[in-house]
Amino acid sequence: AQKVTQAQTEISVVEKEDVTLDCVYETRDTTYYLFWYKQPPSGELVFLIRRNSFDEQNEISGRYSWNFQKSTSSFNFTITASQVVDSAVYFCALGLTGTASKLTFGTGTRLQVTL
Amino acid sequence: EADIYQTPRYLVIGTGKKITLECSQTMGHDKMYWYQQDPGMELHLIHYSYGVNSTEKGDLSSESTVSRIRTEHFPLTLESARPSHTSQYLCASGRGGSGNTIYFGEGSWLTVV
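Residue numbers (the numbering used here), protein chains in the order written: chain X, 4 to 118; chain V, 1194 to 1306.
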C-alpha cells in the first residue's frame, strides 16, 4: 500500500526566511507521480507541481523549488524568501498508474509566515 | 487555472435533511472525484468516476452517493444528513490516463446541526 508522510505538522517562520517542507513517500510501484498542493485559508486546493518517477530533475519556479530524490523516497519543497501570502497548508500527494489517478495525500504541513 | 465549480460553498442544515452538493467542470475531463476533509486534516477519497455512467467508492466509506450522467457534472447527495457528516467536501477532476494532474474546486463546507 502507498503512503505519504509529512512529518512537520506546523512550521512558523518570519517573512523573508527560507523554509523547506518535507515529504516522504512509500510505494512498491516503479512508476508513480508526486504532487504538491497549497490550501490557503479559503479552503481550495491549488495545484503547484507534478513530478513523475522517471524525472528526478529538480525544479525551480520563482521562489519555489522542489528536490526529488528517489534514493530517499523524498520530494521536498522549499520556499525562498517566504512571504505572508505563503501562509497555508501544503499537501504532498502520491498517485499511481492504473488507479484512476487517485491520489494519496499526506497529512499536510501548516506554514505560518509572520512579519 | 482549473475551471471546476462547487455549490454551495457553505451550507448549514438540520439533521435528517437531504442535501446535494453540486460540482461542475468545463474542461471536458473524464475523471472526477470527491474528497472529504475534516478541518486541519488530510483528504480522503470517497467517490470517483472514470466517465459518464461510471461511479466507484473511494478509500473512505461514505454514506453519500454520486451520479455521473453528464461528463461535466458530478453531484454528491446525502439522503439524510447527520452531524457526523459535518466536513469539507472537495470535488476534483482530471484528464484520462495515468498520473495526470487533478484539479480541485473551492470546496463545500457542510455543517449539520
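Think of the hints as simulated: they come from the structure by calculation, not from any bench.
Please note that a few of the clues may not be correct.
[To be verified] As a list, the in silico DSBU-like pairs of lysine-lysine whose alpha-carbon atoms are at most 35 Å apart: (1) X:K105 / X:K73; (2) X:K105 / V:K1210; (3) V:K1210 / X:K19; (4) V:K1250 / X:K105; (5) V:K1250 / X:K73; (6) X:K19 / V:K1211; (7) X:K19 / X:K41; (8) X:K73 / X:K19; (9) X:K41 / V:K1210; (10) V:K1250 / X:K41; (11) V:K1250 / V:K1210; (12) X:K6 / V:K1250.
Given the hint that X:K105 pairs with V:K1210, test it: the Cα-Cα distance must not exceed 35 Å. Holds, at roughly 30 Å.
Holds or violated: X:K6 to V:K1250, with C-alpha atoms at most 35 Å apart: Satisfied, since the Cα-Cα distance of roughly 19 Å is no more than 35 Å.
Restraint status (C-alpha distance of V:K1210 to X:K19 at most 35 Å): 49 Å, violated
Against the 35 Å threshold, does the CA-CA distance of V:K1250 and X:K41 hold or violate the hint? Cα-Cα ~26 Å, so holds.
Quickly compare the C-alpha distance for X:K105 and X:K73 to 35 Å and report which way the hint goes. Roughly 21 Å between the alpha carbons, so the hint for X:K105 and X:K73 holds.
V:K1250 and V:K1210 were given as a pair; does the straight-line alpha-carbon distance stay at or below 35 Å? Roughly 23 Å between the alpha carbons, so the hint for V:K1250 and V:K1210 holds.
Decide if the proposed pair is consistent with the structure: X:K73 and X:K19, CA atoms, cutoff 35 Å inclusive. Roughly 30 Å between the alpha carbons, so the hint for X:K73 and X:K19 holds.
For a C-alpha distance cap of 35 Å, please report whether X:K41 and V:K1210 respect it. It holds: about 33 Å lies between the C-alpha atoms, which stays within 35 Å.
35 Å Cα cutoff - pair X:K19, X:K41: 19 Å, holds
V:K1250 paired with X:K105 [C-alpha distance capped at 35 Å]: At roughly 11 Å apart (the allowed maximum being 35 Å), X:K105 and V:K1250 satisfy the hint.
V:K1250 paired with X:K73 [C-alpha distance capped at 35 Å]: Holds: V:K1250 and X:K73 sit about 31 Å apart, inside 35 Å.
Restraint check for X:K19 with V:K1211, where alpha carbons must lie at most 35 Å apart: 48 Å, violated
Checked against the numbered hints given earlier, this structure breaks hints 3 and 6; the rest are met.
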